[in-house]
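Protein sequences, first through last, are from chains V and W.
Under numbering that gives the first Met the number 0, the first residue of the first sequence is numbered 0, with each subsequent residue one higher.
Under numbering that gives the first Met the number 0, the first residue of the second sequence is numbered 0, with each subsequent residue one higher.
Don't take each hint at face value.
Stated by the list, open to error - Restraint ranges, calculated between C-beta atoms of paired labels, are given here: (1) V:Gly-79 / W:Arg-249: 39 to 47 Å; (2) V:Ser-335 / W:Leu-365: 51 to 59 Å; (3) W:Leu-394 / V:Asp-14: 51 to 59 Å; (4) W:Glu-272 / V:Ser-335: 38 to 46 Å; (5) V:His-131 / W:Ala-286: 39 to 47 Å; (6) W:Ser-210 / V:Ala-423: 36 to 44 Å; (7) V:Gly-264 / W:Asp-289: 51 to 59 Å; (8) V:Ala-423 / W:Pro-38: 26 to 34 Å; (9) W:Leu-365 / V:Ala-423: 32 to 40 Å; (10) W:Tyr-364 / V:Asp-208: 39 to 47 Å; (11) W:Asp-208 / V:Gly-315: 39 to 47 Å; (12) W:Leu-365 / V:Met-418: 35 to 43 Å.
To be clear, the hints were calculated from the coordinates, so they are not data collected in a lab.
C-beta: ideal position from N, C-alpha, C; glycine also.
There are 2 protein chains.
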Amino acid sequence: MRSMLWNHRVRPSGDRDRIVVVGGGFAGVRVVNELARLPVDITLIDRTNHHLFQPLLYQVATGELSEGQIAPALRGMFRGDAGVRVIMGEVDGLDLEHRTVHAFCAGADDTLTLPYDTLVIAAGSVDSYFGHDDWAEWALSMKTLDDAQRIRSRILGAFELAELEQPGPKRDAQLTFAIVGAGPTGVELSGQLSVLCHRILRDEYRSIDPSQARIVLLDAVDEVLPSYHPALQRRAHRDLDDLGVDVRPRHSVVGVDETGLDVDGPDGRSRIEAGTIVWSAGVRAPALADELARTAGIARGKSGRIPVAEDLTLAGHPEVFVIGDMADVEGVPGVSPAAIQEGVHAAKVIAARLQGHSHPGPFRYLDKGSLAVIGRQRAVADIPGLRLAGLPAFLLWALVHLYYLVGWGNRIGTITRWMWSLFARNRREQVISMTSLTSDAESKLRLRRVVDRS
Amino acid sequence: MRSMLWNHRVRPSGDRDRIVVVGGGFAGVRVVNELARLPVDITLIDRTNHHLFQPLLYQVATGELSEGQIAPALRGMFRGDAGVRVIMGEVDGLDLEHRTVHAFCAGADDTLTLPYDTLVIAAGSVDSYFGHDDWAEWALSMKTLDDAQRIRSRILGAFELAELEQPGPKRDAQLTFAIVGAGPTGVELSGQLSVLCHRILRDEYRSIDPSQARIVLLDAVDEVLPSYHPALQRRAHRDLDDLGVDVRPRHSVVGVDETGLDVDGPDGRSRIEAGTIVWSAGVRAPALADELARTAGIARGKSGRIPVAEDLTLAGHPEVFVIGDMADVEGVPGVSPAAIQEGVHAAKVIAARLQGHSHPGPFRYLDKGSLAVIGRQRAVADIPGLRLAGLPAFLLWALVHLYYLVGWGNRIGTITRWMWSLFARNRREQVISMTSLTSDAESKLRLRRVVDRS
Chain V
0 MRSMLWNHRV RPSGDRDRIV VVGGGFAGVR VVNELARLPV DITLIDRTNH HLFQPLLYQV
60 ATGELSEGQI APALRGMFRG DAGVRVIMGE VDGLDLEHRT VHAFCAGADD TLTLPYDTLV
120 IAAGSVDSYF GHDDWAEWAL SMKTLDDAQR IRSRILGAFE LAELEQPGPK RDAQLTFAIV
180 GAGPTGVELS GQLSVLCHRI LRDEYRSIDP SQARIVLLDA VDEVLPSYHP ALQRRAHRDL
240 DDLGVDVRPR HSVVGVDETG LDVDGPDGRS RIEAGTIVWS AGVRAPALAD ELARTAGIAR
300 GKSGRIPVAE DLTLAGHPEV FVIGDMADVE GVPGVSPAAI QEGVHAAKVI AARLQGHSHP
360 GPFRYLDKGS LAVIGRQRAV ADIPGLRLAG LPAFLLWALV HLYYLVGWGN RIGTITRWMW
420 SLFARNRREQ VISMTSLTSD AESKLRLRRV VDRS
Chain W
0 MRSMLWNHRV RPSGDRDRIV VVGGGFAGVR VVNELARLPV DITLIDRTNH HLFQPLLYQV
60 ATGELSEGQI APALRGMFRG DAGVRVIMGE VDGLDLEHRT VHAFCAGADD TLTLPYDTLV
120 IAAGSVDSYF GHDDWAEWAL SMKTLDDAQR IRSRILGAFE LAELEQPGPK RDAQLTFAIV
180 GAGPTGVELS GQLSVLCHRI LRDEYRSIDP SQARIVLLDA VDEVLPSYHP ALQRRAHRDL
240 DDLGVDVRPR HSVVGVDETG LDVDGPDGRS RIEAGTIVWS AGVRAPALAD ELARTAGIAR
300 GKSGRIPVAE DLTLAGHPEV FVIGDMADVE GVPGVSPAAI QEGVHAAKVI AARLQGHSHP
360 GPFRYLDKGS LAVIGRQRAV ADIPGLRLAG LPAFLLWALV HLYYLVGWGN RIGTITRWMW
420 SLFARNRREQ VISMTSLTSD AESKLRLRRV VDRS
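Please put together the full structure from these sequences, using the hints given.
Written as structure tokens, this is what we have:
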């Protein structure tokens with residue numbers, strides 16, 4: 000049963016246009032930001048209560064930054080914009096004909112119905128396990144803050160397990176971390192994990208030497224960072240070698256189970272016993288894209304994404320925009336600068352319509368380049384007309400990320416933390432969360448005895 | 000089946016004394032600190048991997064500080080002390096005759112057996128629900144970091160629920176926070192919660208006004224902060240009144256259920272509908288105290304604690320020390336300064352024995368006074384010979400807490416954060432953790448629909 004309860008709850012909007020934005024990531028937040036000053040009623044709906052700065056998520060997963068530092072509350076971001084309303088809930092239905100969005104919200108007695116004049120869908124992406132969704136049970140996703148906290152607890156927990164284990168294959172497996180996917184996320188996580196093992200945790204154990212931990216970075220591609228210039232790929236590979244990461248391009252994962260992975264490589268099939276497996280191998284559009292394609296009667300693009308017109312609207316529905324990772328736009332990668340640019344463009348089109356100005360024309364993606372950090376003070380920067388590596392690339396990386404972080408408090412906190420880490424050997428966030436561990440299928444198994452008794 | 004696996008794992012100790020310390024709280028950590036430089040083998044065992052600075056836990060529960068800022072990893076604290084070994088596990092058996100401790104550890108194939116020459120038990124306390132353990136399902140405990148994260152998610156989640164609710168009794172209940180127990184924890188949490196409602200979250204919602212939230216602080220005692228001087232009690236009560244907290248001394252909780260509390264007060268029985276209930280009403284000794292009393296054949300003291308001799312050892316077992324909240328020592332309250340002093344004293348006795356020095360004599364508790372902060376810049380300080388309130392007490396409170404925090408990184412981070420909060424209106428940690436929420440019985444119910452679909 001769906002109710003129109005919503006209508007009773009919003010302040011009377013009079014003749015103001017109603018804009019519903021689905022998703023509070025880079026794309027959605029930018030749309031709201033750009034339109035917040037116009038006389039419109041904006042509803043931003045997200046499954047969480049925060050805007051996640053995904054490029055630094057691996058630093059939460061490895062204990063360098065705290066959750067709040069990369070995830071300001073969406074409400075706080077739009078506190079001063081009286082025309083913006085934030086809802087924590089999950090969109091589960093679209094009615095393009097009647098221009099309404101249906102959403103589940105924890106607090107509502109019923110499904111909410113949100114009528115719109117303009118709809119912006121920016122629901123991002125989910126992990127793609129190449130059709131093997133059962134792998135998700137063992138290969139940890141790293142998309143949300145809950146994921147990052149679980150990975151942190153699992154990584155630190157693996158060392159705890161190993162410390163109490165006899166030397167042998169089981170202990171070796173507990174000290175093996177497999178990271179599937181050698182894009183920026185996989186490369187950055189591997190590098191940080193190496194710093195954790197070699198620098199941060201050194202001298203903290205008595206039976207094991209954390210620097211003996213094995214970090215394996217696997218990908219079917221020919222070289223790490225496949226979208227980068229070959230010279231930078233080689234440089235990143237060498238930097239990872241220096242950090243002790245076992246880098247294996249041209250290795251495809253063919254099986255994932257409780258104790259490790261099966262891998263096909265140039266030398267045939269092999270087995271990697273690994274206590275911790277992190278998945279950063281690829282993404283696909285979320286379930287909402289199915290619903291949208293079905294409702295609109297269109298075919299889905301690559302990775303299940305939604306093909307859009309050159310102004311980012313849905314074919315036959317100029318009032319519906321699809322932006323960010325969910326949109327399939329020729330030549331535009333699924334990265335945060337693209338999501339931001341698409342958000343700005345969608346907002347321009349919407350504002351032009353509202354104000355009766357001329358249409359701003361088709362979306363043009365400006366490739367500002369890519370940055371990936373490797374370990375502590377090394378990075379690669381692939382900027383059009385400029386290729387950097389080492390410390391200069393690292394400094395550029397740090398500046399760009401600080402610039403895009405939301406809020407001065409978070410910027411100052413993050414840079415302070417990074418400066419501190421140049422000298423100190425500790426990590427700020429080393430808490431193993433039992434809640435986080437026990438919500439995880441594999442650990443549930445392992446920790447059952449402990450938890451049953453507590 | 001118990002194995003002696005442990006013996007194979009520790010480095011050969013030769014003739015060095017083996018000291019096992021159970022619990023990494025204020026008492027246990029202090030013992031290890033004091034003895035770490037001596038030629039002994041120390042094993043510190045704790046259920047978690049961190050030392051929790053409990054006096055600031057309520058600041059994590061209200062989003063002011065991050066988890067890591069008040070919880071350094073135990074391993075990191077003793078990294079440089081080669082004679083100290085840290086184990087994450089739970090003690091579940093004591094054999095005083097054979098001088099061994101049995102523990103469950105997540106990683107071990109079997110129960111660990113730890114032989115000792117000296118045993119220090121500092122396992123702290125758990126919440127006491129006055130014999131109504133079923134209340135724990137609805138009245139949230141605030142003893143661990145997992146607890147604090149759950150409370151933070153519940154508090155912020157309550158506003159999300161209320162924002163989508165029609166005006167009426169259900170919404171009022173969602174915006175009611177009941178805190179049971181008006182000791183320092185309850186008073187400090189109430190004050191911070193008021194700051195959250197009136198200052199931090201102001202203007203963030205569109206249907207509700209968070210400053211209309213009701214914070215009820217209940218306790219059976221005659222006045223808040225029962226251990227303080229009456230003048231300071233009255234001052235604290237007035238400060239809480241000013242902050243809009245509904246303070247109700249002389250109110251006993253007689254029932255707790257899914258939707259609220261039943262309370263007996265001077266005017267008879269009443270009902271408080273509350274979406275969030277936090278329990279800070281009292282503590283008792285943990286299950287390990289039962290085991291210890293049974294094994295040693297002694298009667299337990301008040302709140303199930305263990306009576307000890309004047310040098311903090313167990314009757315008939317001079318090699319076993321019981322310190323901190325678990326020890327029942329005449330005239331010594333269950334507060335962190337007492338735990339620290341007991342830790343120092345136990346270490347002195349142990350060191351004197353090892354070095355053949357004379358026994359340092361009985362433990363003497365030095366009451367350094369008490370401090371409780373109320374809201375933003377108000378506090379009460381009840382120091383022997385000195386009673387302060389308002390800003391001077393607040394400054395003293397801040398100094399003392401910074402001094403006792405472990406690690407310069409955490410001190411600098413915390414003071415920076417507090418200074419920032421004087422001016423900025425945001426909270427650093429506002430993330431609602433779904434993992435945390437859904438591990439909670441009540442929220443499971445409420446969020447079932449959302450979660451089932453995700």
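Starting from the hint list further up, note which numbers the structure goes against and sort them upward. Hint check: nothing fails, all pass.
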